[in-house]
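K.L.:
This is what each chain is made of:
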Amino acid sequence: MTAFFAMVEGAPAFFLLRRQAPADAVEIEDARHRELLDAQAAGKEIYAGEDGKPRYRQVQVTMADRRASLARTIRAEARRRILLVSPEWRQLNDLREPSDEGAARFAAIDAIRAASNQIEASLADMPAEELETIDIKTLAEWPSEND
Amino acid sequence: MGLPLSLTLTQAGLDALVDAQNGVTTAITIAQLGLSEQQVSVAPTLDALPGEFKRLDSFAGIAASETIIHMTAQDASQDTYDLRSIGLFLDDGTLFAAYSQADPIFRKVDIATFLVSFDVLFSETITGDIAFGDASFLYPPATEQTKGVAEIATHGETDAGEDDSRIVSPAKLAGRLAPILQSIADQAAALAAEETTRADEDDALQALIDALLARTITGSGLVTGGGSLAASRVLQVAIASAAQVRAGTDNGSAITPAALGPMTKSLGQSGYATVPGADPANTLLIQWGRSTAIANGTTTVTFPIAFTDAYSVVADGTSDTNQDAQDNYPSVRASSIGPTSFQVWNANQQSDVICYVALGRIDLS
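The listed protein sequences correspond, in order, to chains W and G.
Using this note's numbering, the first residue of the first sequence is number 279, and each one after it goes up by one.
Using this note's numbering, the first residue of the second sequence is number 39, and each one after it goes up by one.
Some hints could be false.
[Unchecked claim] Label-pair ranges, simulated between beta-carbon atoms:
#1 G/Leu397 x W/Ala326: 25 to 31 Å
#2 W/Pro376 x G/Trp383: 38 to 44 Å
#3 G/Ala252 x W/Asp308: 16 to 22 Å
[To be verified] Restricting the straight-line Cα-Cα distance to at most 30 Å, the calculated cross-link-like pairs of lysine-lysine (DSS-like) are:
#4 G/Lys303 x W/Lys322
#5 W/Lys331 x W/Lys415
#6 W/Lys331 x G/Lys303
#7 G/Lys146 x G/Lys92
[To be verified] Facing chain W, according to a computed beta carbon distance under 7 Å, are these residues of chain G, among others:
#8 Gly306
#9 Ala311
#10 Arg328
#11 Thr330
#12 Ala333
#13 Ile343
#14 Thr378
#15 Gln381
Read the hints as simulated data drawn from the structure, not as lab findings.
Cβ coordinates follow ideal geometry from the N, Cα and C atoms, glycine included.
If we strip away everything but chain W, and leave its shape as in the complex, we get:
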């Protein structure tokens, strides 16, 4: 069964019947329709070509969006590592009853925060290729989790 494709307010749309679709909609065969839906499931972006026919491509992410996303990832990773060193309840206890062990845990937390800040700062000058492939969780700048 064929369907009809058109861009509606900048977003792709499919229609079952011609009369339901915008005037500039193009007819597509069932196999192509299914291919486009599979591409969407795989994270591809559907758009209209110059001829109005549907195409798909990798989702276009700006470098600014990529850096913002990586920054959120860095902070989340730092939070995970800090809680792993000392959950919030222990940090409160270490503040009420300071100890050498507590001081060591705060030092580890500070090291994690320092690493997080360093890594986030490095994003500003990081080449695009590296921004695409960087794995935040395994960076060497993080203090060892066994310390």
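Since the structure of chain W is already known, use the hints to place chain G on it.
P.N.:
Then chain G, alone, in the frame of chain W:
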């Protein structure tokens, strides 16, 4: 008639005869007999027959002896006339001889045939020097209109059945008809036997027809009408209206596709199906599919086909296998649900594949 007619040879006729006798020419041919109702003064100088009104081509002759020729002419037409003068004409139109008298030689009426014969006596042998036109006239072939001479057909000619000039004798006819009559007799016997056989078969067929006529066909359930097979019957099935289908209370009618509404589907990892409800303009549409929600962001998911009105979307799923993950997985932004798409917000640090199910209405009227 037997009356002596003294023919007078014309000079031109005599000259032609002499030339033939001397070998100057071949034998002269007396071809026609001229007729006149006038009395003519016949003389050797005569070169035409005054008052001639007709010439007979049915003229023949034969040498009765070396000095006598026998000539015969006939007129089988329906003409009527009083014949007083006659003239013999050669094939080149020369008047050979003539005769005339005051009283009619012959009075012809329309129902009579004029037949005249001449026996002409010459003083010396001339028969080889005179020929005649229609030589077969003396013994004319028998036809359907004329009595005459005919040959009896042989067995082969009789059997061939193609000759129309020979006569079949009773013996030949009997021989020819015998196998035909025998064949007819044989066929008549076969027909009689077949008639007997068919009569028996007709009786058997009538018995079957009687048995069928005793049967009845009567509708039951949703089918009404019927009766015995003695007459043509019509069975009816009541058709439910769309309103009856929606009401769902009638138990005596059948649902047709037209009343139920269209059923449309596309089955796959992403797909859709309509649920007909006897109201095409308000057909329930179920859609499902998968999409990839980007990390830490909003993703727009396009439905396989557009709803007329999208009612609800449920989405769930993640690709995250991190046991320490603490971020929220993708969830539907309810306010974003529209006819063609919806959005999911993903707080996870990585992209997640989601599965969704959406319900809504589509106008298929």
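K.L.:
Going straight from one Cα to the other, do W/Lys331 and G/Lys303 come out at no more than 30 Å?
P.N.:
Satisfied, since the Cα-Cα distance of roughly 23 Å is no more than 30 Å.
K.L.:
Determine whether the Cβ-Cβ distance between G/Leu397 and W/Ala326 falls within the hinted range of 25 to 31 Å.
P.N.:
holds, 28 Å
K.L.:
A closest beta-carbon separation below 7 Å is what the hint needs, so does G/Thr330 meet it against chain W?
P.N.:
holds, 3 Å
K.L.:
Identify whether the interface hint at G/Thr378 stands, where standing means a beta carbon of chain W within less than 7 Å of its own.
P.N.:
Cβ of G/Thr378 sits 4 Å from chain W, so the hint holds.
K.L.:
Taking the CB of W/Pro376 and the CB of G/Trp383, does the distance hold inside 38 to 44 Å?
P.N.:
Because 41 Å falls inside the window, the suggested range holds.
K.L.:
Between G/Ala252 and W/Asp308, does the C-beta distance stay in 16 to 22 Å?
P.N.:
Once the Cβ atoms are compared, 57 Å apart, the range 16 to 22 Å for W/Asp308 and G/Ala252 is violated.
K.L.:
Regarding the hint that G/Ala311 lies at the interface with chain W, is the smallest CB-CB distance below 7 Å?
P.N.:
With Cβ-Cβ at 12 Å, over 7 Å, it is violated.
K.L.:
Per the CB criterion, is G/Ile343 less than 7 Å away from chain W?
P.N.:
Nearest chain W Cβ about 4 Å off; hint holds.
K.L.:
Run the distance test for G/Lys303 versus W/Lys322: straight-line Cα separation, threshold 30 Å.
P.N.:
holds, 24 Å
K.L.:
Please verify that hint: G/Gln381, Cβ, nearest Cβ of chain W, below 7 Å or not.
P.N.:
violated, 10 Å
K.L.:
For the pair we were handed, W/Lys331 and W/Lys415, check the Cα-Cα distance against 30 Å.
P.N.:
Distance of about 41 Å is beyond 30 Å: violated.
K.L.:
Does the nearest C-beta of chain W fall within a distance shorter than 7 Å of the C-beta of G/Gly306?
P.N.:
Given a least distance of 6 Å, the restraint on G/Gly306 holds.
Hint violations for this structure: numbers 3, 5, 9, 15, all remaining hints satisfied.
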